[in-house]
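Visitor: Starting from the given sequences, assemble the full structure and let the hints guide the process.
What follows is the residue order along each chain.
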Amino acid sequence: EAQVTQNPRYLITVTGKKLTVTCSQNMNHEYMSWYRQDPGLGLRQIYYSMNVEVTDKGDVPEGYKVSRKEKRNFPLILESPSPNQTSLYFCASSFGKNYEQYFGPGTRLTVT
Amino acid sequence: GENVEQHPSTLSVQEGDSAVIKCTYSDSASNYFPWYKQELGKGPQLIIDIRSNVGEKKDQRIAVTLNKTAKHFSLHITETQPEDSAVYFCAAMKTSYDKVIFGPGTSLSVIP
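For the protein sequence lines, the chains are V and D, in the order given.
Residue numbers for the first sequence follow my numbering, beginning at 10 and rising by one.
Residue numbers for the second sequence follow my numbering, beginning at 69 and rising by one.
Derived from the structure by calculation, the hints contain no laboratory data.
Bear in mind that the values here come from a model prediction, so they are computed numbers and not experimental data.
Misleading hints may appear alongside valid ones.
[As the list claims (entries may be wrong)] Calculated cross-link-like contacts (lysine-lysine; reagent style DSS-like; alpha-carbon spacing at most 25 Å): (1) D:LYS110 to V:LYS80; (2) D:LYS139 to D:LYS126; (3) D:LYS90 to D:LYS167; (4) D:LYS167 to V:LYS78; (5) D:LYS90 to V:LYS106; (6) V:LYS106 to D:LYS167; (7) V:LYS66 to D:LYS167; (8) V:LYS106 to D:LYS126; (9) D:LYS136 to D:LYS105; (10) D:LYS167 to V:LYS80; (11) V:LYS80 to D:LYS162; (12) D:LYS125 to V:LYS106; (13) D:LYS136 to V:LYS106; (14) V:LYS106 to D:LYS162; (15) V:LYS106 to D:LYS139; (16) D:LYS105 to D:LYS90; (17) V:LYS26 to V:LYS78; (18) D:LYS162 to V:LYS66; (19) V:LYS106 to D:LYS110.
Guide: Encoded structure:
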């Protein structure tokens, strides 16, 4: 089954404790992206990747890191999480930037 | 950069009525306009998209219209059903720009 998976689905952590949210797709997509969703603000792009070893900042990259060592995986790293990073996070993938994006089920992160 | 506005933020309709959601974009070079539906607890899913070389596209009860001169596009849902209740997001993209800009979303409620 074609899908985007994210782990964990729910995470509660404390300020400053490094964490990684994994994202994997099995559709051989080149374009992958991370979004955060906050009430009233919709979906905002954090980082995206056009292909392996090619990543770039979206609209809200501060406090986040990503890597794309393999085509199928695109982990999101929070080196020192803060409470303002409490949000619902989605990973997405597509054949290219101007094509349908397939979204993962989301990761709800709470930073206390 | 691109900016996408979306109205209304919430919309309630009676089952069987039509629903219209409107988006405006700022960059006249944008050429791809997808619409995503997000059901509760799930990631967004593409329902219809339109490219700038056409003015209207229809898929059963869903249609999208694009007015490039006015820089706005609209989602039309006819004969609404309770399962249409969800949050809808529009987005605007252009070939020469790698980021994806979403509107803030519209929460649609269809009352049986």
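Visitor: What's the verdict on D:LYS167 and V:LYS78, does the C-alpha distance respect the 25 Å limit or exceed it?
Guide: Within the cut-off at roughly 20 Å; holds.
Visitor: Quickly compare the C-alpha distance for D:LYS167 and V:LYS80 to 25 Å and report which way the hint goes.
Guide: Roughly 19 Å separates the two Cα atoms, so the pair holds.
Visitor: Is it true that the CA of V:LYS106 sits at most 25 Å from the CA of D:LYS126?
Guide: Roughly 23 Å separates the two Cα atoms, so the pair holds.
Visitor: Measure nothing beyond the straight line between the CA atoms of V:LYS106 and D:LYS110; if it is 25 Å or shorter, mark the hint as holding.
Guide: holds, 22 Å
Visitor: For the pair supplied as a hint, D:LYS125 and V:LYS106, confirm whether the alpha-carbon distance does not exceed 25 Å.
Guide: holds, 20 Å
Visitor: Next pair to validate is D:LYS105 with D:LYS90; report whether the Cα-Cα distance is within 25 Å.
Guide: holds, 14 Å
Visitor: Hey, D:LYS162 versus V:LYS66, does the alpha-carbon distance stay inside 25 Å?
Guide: holds, 17 Å
Visitor: Does V:LYS106 lie within 25 Å of D:LYS136 when you go C-alpha to C-alpha?
Guide: holds, 20 Å
Visitor: Is the hinted pair V:LYS106 and D:LYS139 satisfied, with a Cα-Cα distance of at most 25 Å?
Guide: holds, 20 Å
Visitor: Given the hinted pair D:LYS90 and V:LYS106, is their Cα-Cα distance within 25 Å?
Guide: holds, 23 Å
Visitor: Keeping to a limit of 25 Å between CA atoms, is the pair of D:LYS90 and D:LYS167 held or broken?
Guide: holds, 21 Å
Visitor: Within 25 Å, alpha carbon to alpha carbon, are D:LYS136 and D:LYS105?
Guide: holds, 23 Å
Checked against the numbered hints given earlier, this structure breaks none of them.
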